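Protein chains in written order, with our numbering: chain U, 416 to 731; chain S, 416 to 731.
Derived by calculation from the structure, the hints in this document are not laboratory data. Possibly wrong hints are sitting among the right ones.
No copy labels: a pair is met if it fits in one copy or bridges any two.
Calculated pairs, PhoX-like style, for lysine-lysine (alpha carbon to alpha carbon, straight line, at most 20 Å) [claimed, not checked]:
{"no.": "1", "residue 1": "678", "residue 2": "727"}
{"no.": "2", "residue 1": "615", "residue 2": "521"}
{"no.": "3", "residue 1": "712", "residue 2": "727"}
{"no.": "4", "residue 1": "484", "residue 2": "506"}
{"no.": "5", "residue 1": "506", "residue 2": "727"}
{"no.": "6", "residue 1": "521", "residue 2": "678"}
{"no.": "7", "residue 1": "615", "residue 2": "505"}
{"no.": "8", "residue 1": "478", "residue 2": "421"}
{"no.": "9", "residue 1": "510", "residue 2": "662"}
{"no.": "10", "residue 1": "510", "residue 2": "727"}
{"no.": "11", "residue 1": "678", "residue 2": "505"}
{"no.": "12", "residue 1": "615", "residue 2": "484"}
{"no.": "13", "residue 1": "615", "residue 2": "506"}
{"no.": "14", "residue 1": "615", "residue 2": "478"}
{"no.": "15", "residue 1": "478", "residue 2": "506"}
Values in this document were obtained by computation on a predicted structure and should not be read as measured data.
There are 2 protein chains.
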Amino acid sequence: MSQPTKESIEKAHLDIAPYLHRTPVLTSRFFNENTGAALYFKCESFQKTGSFKARGATNAVRKLSAAQKERGVCTHSSGNHGQALAWAAKKQGVKCYVVVPENAPKVKLAAMREYEAETTLCSPNLAARESGLQEVVSRTGATFVPPYNHFDIIEGQASCAKELLEEFPDLDMLIAPLGGGGLLSGTALSARYFGAPGIKVIGAEPAAADDAYRSFQTGQLVPLEHTTTVADGLRTSLGNKTFPIIKRYVDDILLATEEDIIKTMRDIWERMKILIEPSCAVPLAALQANKTLFHGKKAGIILSGGNVDLGKLPFD
Amino acid sequence: MSQPTKESIEKAHLDIAPYLHRTPVLTSRFFNENTGAALYFKCESFQKTGSFKARGATNAVRKLSAAQKERGVCTHSSGNHGQALAWAAKKQGVKCYVVVPENAPKVKLAAMREYEAETTLCSPNLAARESGLQEVVSRTGATFVPPYNHFDIIEGQASCAKELLEEFPDLDMLIAPLGGGGLLSGTALSARYFGAPGIKVIGAEPAAADDAYRSFQTGQLVPLEHTTTVADGLRTSLGNKTFPIIKRYVDDILLATEEDIIKTMRDIWERMKILIEPSCAVPLAALQANKTLFHGKKAGIILSGGNVDLGKLPFD
């Protein structure tokens, strides 16, 4: 299959919408005054399973053949993608297998099991995750659904920005968090297909995991080195599907420091009264560090998820 | 003035609406399955100043005479009411004075000052609060706006249930937290005036501060003894305006244990991805402890506020 088109995104959105929430868009007088911009927060924290990942996972399961559905889907994940795939599979009557590193948050593991996924614990490193997954595939014939580097996933994530632009067609810019690039790729495609002419798309990345920033600057895919950024959903590298889309359709990548991510997360909780996870604070943190770029603009911000471990908050 | 009428609540709602948010109503598959009821959460945590108190305060300031507005308003408060009155006064160009116990949460004191209220710190006891207030009144001639035992306050709070019933006219019951009784009184009046015939109204109170429960059972106003309930917004006794309304129009009062309040607060955070304060968890906690009463019913739950001190969460 090839890169999602306007028509394929429209079709995907139509087909996955019955499973999903059309999430609300919130505004905040405080953050508008604080940034000098008019901000529209698309709250995927209220999405099914607590993050935008439900969109791509639902789309990936939808597009399986009948034979593939019979054998099930599998992935390795410590968090939101595993939860989302388990949920999406259950909703469509498909068996799901998830290989989970043993240090994954208990609440996420519990959620996968609540959605009836068969979970296998493994050591917390990529080699163990991949060999665990290979074992599942050999044993079950399940189809691997990767977390971001897949056109079906990108196509599903694109529905988020599409909804935001349907509600606010005249946005000057969109800003989304950037880890593996699935959400940002989908956002960039939807901006091009459904946004006003000239709309800008910006990715926001933790400075402590700036592989995408460096890839974007150099034009060469730079792998992510070990990182402990608090934005745990963004500890991933771009892939060979997401990087070309981002290179072509994204206007800029901005960085946020760890300190600003944590402060912004707390500010969003206190001011907007919503739970968001650290990764989700990265776009507003990056925006606040680059206010002049946004001054007087109407900007859509994707709040990507709200799955936070209340026992391990990064502030006190 | 006398008890609010259907017409006076309609007029109040019309006049205060331009200042306020029409707050969203959320639903939760998880809590519906968990309780066997269909629950409609009216989210006053998203209200201006973070609680329903903005409704009553706006109404009380609106109803002042021009001469009273000239001299300003005052109150004593450690929390939501002081914040709400400061905000409502500022919005209507009226000076506000708040006497604040010195152990009040810093974030609430900061909010009052952000809304340009003149704050005076006092010792954390009722005598000091009242003498501090008396000093302000003598010095400034400001009008005292009490937190709940006042018909203008009750009339403003009534707008919350009115909105919920406009959106869901066929609710079988409404449940609201109960401290001083301003919100519950307004809820009961709106249920009678704007609800379906036979709609039931239930107050929810911490078992550790069950003065209203005992007053309701005995028909005599029982004062609140010292309490350290985690539901700090409900550490107040009924008054001579709220108790008669509650006696007449409320169907039942249910209690919630401290353990259940804390667990329910955390469950709402994790499942609904919204910040609510402990007092706000009391209705759902009481409902879950009395599930059979609600089985198969459509129940509106007032989520009263989201002003929580993130540095002092009751769970870990």
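Verification of the hints:
no., hint, result
1, 678 <-> 727, "both (15 Å within a copy, 17 Å between copies)"
2, 615 <-> 521, "neither (38 Å within a copy, 40 Å between copies)"
3, 712 <-> 727, "neither (35 Å within a copy, 37 Å between copies)"
4, 484 <-> 506, "within (12 Å within a copy, 58 Å between copies)"
5, 506 <-> 727, "neither (30 Å within a copy, 39 Å between copies)"
6, 521 <-> 678, "between (25 Å within a copy, 17 Å between copies)"
7, 615 <-> 505, "neither (37 Å within a copy, 38 Å between copies)"
8, 478 <-> 421, "within (17 Å within a copy, 55 Å between copies)"
9, 510 <-> 662, "neither (36 Å within a copy, 55 Å between copies)"
10, 510 <-> 727, "neither (31 Å within a copy, 42 Å between copies)"
11, 678 <-> 505, "neither (37 Å within a copy, 28 Å between copies)"
12, 615 <-> 484, "neither (38 Å within a copy, 48 Å between copies)"
13, 615 <-> 506, "neither (35 Å within a copy, 36 Å between copies)"
14, 615 <-> 478, "neither (30 Å within a copy, 48 Å between copies)"
15, 478 <-> 506, "within (14 Å within a copy, 53 Å between copies)"
Violated hints, listed in ascending order, are 2, 3, 5, 7, 9, 10, 11, 12, 13, 14; each of the other numbered hints is respected by the structure.
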